[in-house]
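Protein chains: 2
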Amino acid sequence: MKPQAKHGTTPQNELERLGISPGDRITVTTPKGKLEGLLMPRAGEERPEILVLKLDNGYNAGIDANGAVIEKRPQHAKAELQKTKKGSFLSGEKQGTASTLPKIALIATGGTIASRVDYKLGGVQPMLSPEEIFFNAPEIARIASFEKISRPFTIWSENMAPQQWAAIAEQTAKELNDGADGVIITHGTDTLHYTAAALSFMLKNLDRPVALVGAQRSPDRGSFDGSMNLACAAQYIVNSQAAEVAIVMHATSNDDYCHAIRGTKARKMHSSRRDAFRPINDKPLAKIWPDGRFEKIQAARPASSKETRGKVEADGRFEAKTTIIKAFPHTTQEILDYLIEKKYRGIVVESTGLGHAPTFTIDKKHSWLPSLKQAADQGIVVAFAPQTIYGRLSPFVYDAGRMLKKLGVVHCQDMLAETAYVKLGCLLGRTRDQEEVKRLMLQNIAGEISSRLSFEDYLD
Amino acid sequence: MKPQAKHGTTPQNELERLGISPGDRITVTTPKGKLEGLLMPRAGEERPEILVLKLDNGYNAGIDANGAVIEKRPQHAKAELQKTKKGSFLSGEKQGTASTLPKIALIATGGTIASRVDYKLGGVQPMLSPEEIFFNAPEIARIASFEKISRPFTIWSENMAPQQWAAIAEQTAKELNDGADGVIITHGTDTLHYTAAALSFMLKNLDRPVALVGAQRSPDRGSFDGSMNLACAAQYIVNSQAAEVAIVMHATSNDDYCHAIRGTKARKMHSSRRDAFRPINDKPLAKIWPDGRFEKIQAARPASSKETRGKVEADGRFEAKTTIIKAFPHTTQEILDYLIEKKYRGIVVESTGLGHAPTFTIDKKHSWLPSLKQAADQGIVVAFAPQTIYGRLSPFVYDAGRMLKKLGVVHCQDMLAETAYVKLGCLLGRTRDQEEVKRLMLQNIAGEISSRLSFEDYLD
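Quick mapping for you: the protein sequence lines, in order, are chains A and B. Heads up, this note's numbering is the position in the first sequence plus 12, with the first residue counted as 1. Heads up, this note's numbering is the position in the second sequence plus 12, with the first residue counted as 1.
Hints listed in this document are in silico derivations from the structure and should not be mistaken for laboratory results. One or more of the hints may lead you astray.
One copy or any two copies: either way a pair holds, since identical chains are not told apart in the list.
[What the hints assert, rightly or not] Taking lysine-lysine and the DSBU-like style, the derived pairs with C-alpha atoms no more than 30 angstroms apart in a straight line are: (1) 355 with 333; (2) 333 with 377; (3) 216 with 299; (4) 354 with 377; (5) 376 with 186; (6) 355 with 450; (7) 186 with 377.
No experiment lies behind these values; they were computed from the predicted model shown.
Take the sequences, apply the hints, and build the full model.
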């Protein structure tokens with residue numbers, strides 16, 4: 013006999029009666045057909061008769077379940093999630109017995125990876141709780157034990173600021189000092205690389221892997237990349253033995269493998285592709301498959317063994333009077349003068365070619381030289397980074413470079429402008445000694461300067 | 013009997029006696045050995061005994077020719093240069109009989125391609141005359157007739173400004189209206205792509221090809237790329253039948269072929285590689301070999317036949333109060349407020365992700381929304397372009413995008429920020445109608461907006 017819907021009951025009552033909660037595998041049978049998938053958490057209070065299922069093809073489906081027959085299926089996914097420590101990933105508290113799996117602490121900060129589609133508002137909205145992330149990536153519970161989940165704040169990454177970097181650094185240090193084998197930070201992708209650079213400089217004595225992970229597609233889509241990225245991030249923690257902050261995201265546009273990219277050498281290079289993050293003037297640290305296959309590509313700073321781990325410290329100080337400007341035709345020196353007047357202490361310039369800015373114009377109005385002289389006199393650190401993104405600066409080839417260098421400009425080798433900005437803000441937050449800051453800008457602290465550029469690292 | 017050096021004569025006297033001038037092929041025999049190559053023009057008055065030869069391997073060699081035996085060799089290169097019109101490329105004046113080769117006008121503006129290494133100063137210096145370019149690329153005289161050479165100014169491209177763009181546009185229009193089949197502009201590479209975009213918008217009714225060309229390596233080096241780039245640029249004029257402004261530069265790091273890249277879709281992506289220029293969100297127009305092989309990759313605006321050519325016009329107006337700023341973590345709205353106060357009329361924002369800027373921060377201090385509201389109220393056009401460089405903006409996916417759009421922000425699709433800046437300045441130079449400018453920013457005028465992005469156009 014076919015199961016039938018109880019008359020007069022609502023889908024929510026029915027779920028309750030059957031003991032079904034989010035993460036359970038269910039079937040929903042309506043006159044239009046039968047759908048099977050994982051029950052997703054509800055997005056809000058409105059229209060409770062709409063159930064959202066994650067189908068096996070990855071897509072989410074919203075179904076009007078009024079009058080539908082709901083059945084519970086064997087709970088593979090949920091069972092996997094809770095196998096290691098019942099409920100632990102949901103409560104953020106230790107429960108049950110200890111797991112032998114590596115321990116990963118998860119810090120959730122918002123972004124698409126921690127979002128859901130609001131079918132009412134027609135856009136992507138933040139998840140109600142960070143634990144929902146696991147409903148999209150149940151397989152990661154097989155890789156590690158997620159005992160600690162924290163969410164210091166929930167913001168889209170375009171709204172991230174240095175105070176949030178400091179908060180994430182603090183929380184990361186705390187988790188590591190509490191015994192985590194590594195930390196995964198979920199984050200929006202817009203500024204993921206800035207945060208990765210910030211953690212690279214803010215975490216002192218880092219002796220374990222830290223992975224930043226995001227998603228380019230929302231969880232309701234079949235092309236959702238967050239689950240594979242999360243799995244690969246977990247594999248990075250478990251397998252890399254690297255004491256490095258890395259971004260772990262799709263390496264190609266297929267769901268095949270991820271790259272772990274050094275946090276100071278990564279840049280978001282595409283607005284929508286899943287393989288948007290690219291190593292710049294560097295190779296990836298590793299190629300990582302979600303099933304645990306791991307291919308080291310270059311040497312990373314080695315992680316400590318469990319026995320020799322020390323105390324990780326977070327130094328979240330950041331000089332607010334740091335900024336980035338761009339050199340381009342007709343950039344008057346006006347903005348530079350304004351920053352000098354406003355007593356900025358650090359200015360990163362996305363400079364042209366091998367590290368240039370206007371040193372002369374035919375109307376003699378817009379040379380940067382007088383302003384740069386004034387900046388130097390006031391102790392402002394001006395750091396040039398390549399506007400070309402790829403390649404290294406070289407101030408000795410042309411007169412312009414030599415003139416700029418004489419005025420105290422620091423040519424930051426092959427450092428990304430975004431990384432140079434983060435590094436400069438961190439250094440200026442720690443000391444008022446301008447010469448020391450200039451010296452440290454050219455000293456490789458967290459892999460931000462490549463000793464040599466390999467020819468094949470361009471674009472690909 | 014071996015030739016012997018005349019005692020008491022200087023190398024310069026000896027050159028004069030033998031009727032040797034720059035561009036001639038000579039041998040110089042010293043006790044250390046014998047060198048053969050093209051005599052290069054002298055860099056200055058000092059140390060006249062040093063002769064500079066361009067060797068057949070491409071390298072320049074400086075030789076102390078005191079007491080050396082100098083001999084003139086058959087003048088292949090010079091002969092080729094002057095075959096079509098004796099001396100015409102040197103004087104810039106019409107001389108001799110008419111050539112049947114296509115006519116290319118050359119506009120020289122400075123840059124590495126028009127430079128020489130000053131062995132005394134130890135750096136790269138501008139050539140003394142634009143005709144020297146031909147000594148580095150004698151083979152182009154076989155491709156076309158270069159009757160007109162002009163040099164409106166000589167500046168390195170980091171010092172280029174919109175008034176120079178206007179001057180180049182004027183000169184280009186003049187050459188075309190005087191009957192040139194196309195124009196080649198030699199230019200420094202730092203801002204070559206800005207100028208390419210500017211000419212794309214400033215030249216009206218363009219009905220013939222215009223090629224911008226530069227060099228990433230100076231002419232004294234074996235890896236000098238300027239000669240092949242010039243040859244390919246000439247082939248672009250002769251073979252493309254495209255009424256488009258294109259950058260023609262090395263497509264790979266080998267001396268095999270060049271790409272012609274649409275002027276509004278090109279970006280310098282590497283500080284030093286010869287294949288630094290890349291098409292962004294676009295395919296190249298064509299693959300071009302210096303020997304004339306030509307492979308069209310995508311459709312270009314077709315050139316007019318000789319009979320139907322019209323009048324090309326230059327509109328060099330550019331609104332000086334236009335600039336570019338970048339959205340990044342902790343960009344306060346301060347710079348934006350400053351630009352509003354300074355009555356800027358156009359602001360391009362290198363926005364994050366799909367077209368975002370801070371709309372909220374936890375300390376509630378640095379949202380851009382109030383400033384953008386004020387900008388809109390004052391009739392300032394704010395145009396967002398992708399900071400990721402690759403990919404397209406899409407303001408409807410997230411709340412931030414929708415909020416920004418509501419405040420009148422123009423999301424410039426897949427347009428490069430550099431191109432958006434040039435386009436915005438041009439449009440604002442022509443009208444004070446803000447709504448018209450916003451409308452035109454989203455209308456494809458010179459190939460700056462791709463109707464669809466092809467998957468394989470990312471990075472490679």
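Quick rundown of the hints versus the structure:
1. 355 with 333: This pair counts as both: shortest intra-copy Cα distance 7 angstroms, inter-copy 24 angstroms.
2. 333 with 377: both (27 angstroms within a copy, 14 angstroms between copies)
3. 216 with 299: within (26 angstroms within a copy, 50 angstroms between copies)
4. 354 with 377: both (22 angstroms within a copy, 17 angstroms between copies)
5. 376 with 186: This pair counts as between: shortest inter-copy Cα distance 27 angstroms, intra-copy 55 angstroms.
6. 355 with 450: Within one copy only: 18 angstroms inside, 35 angstroms across.
7. 186 with 377: Answer is between: at 28 angstroms across copies they meet the 30 angstroms cutoff, but 53 angstroms inside does not.
This entry satisfies every hint, going by the numbered hints stated previously.
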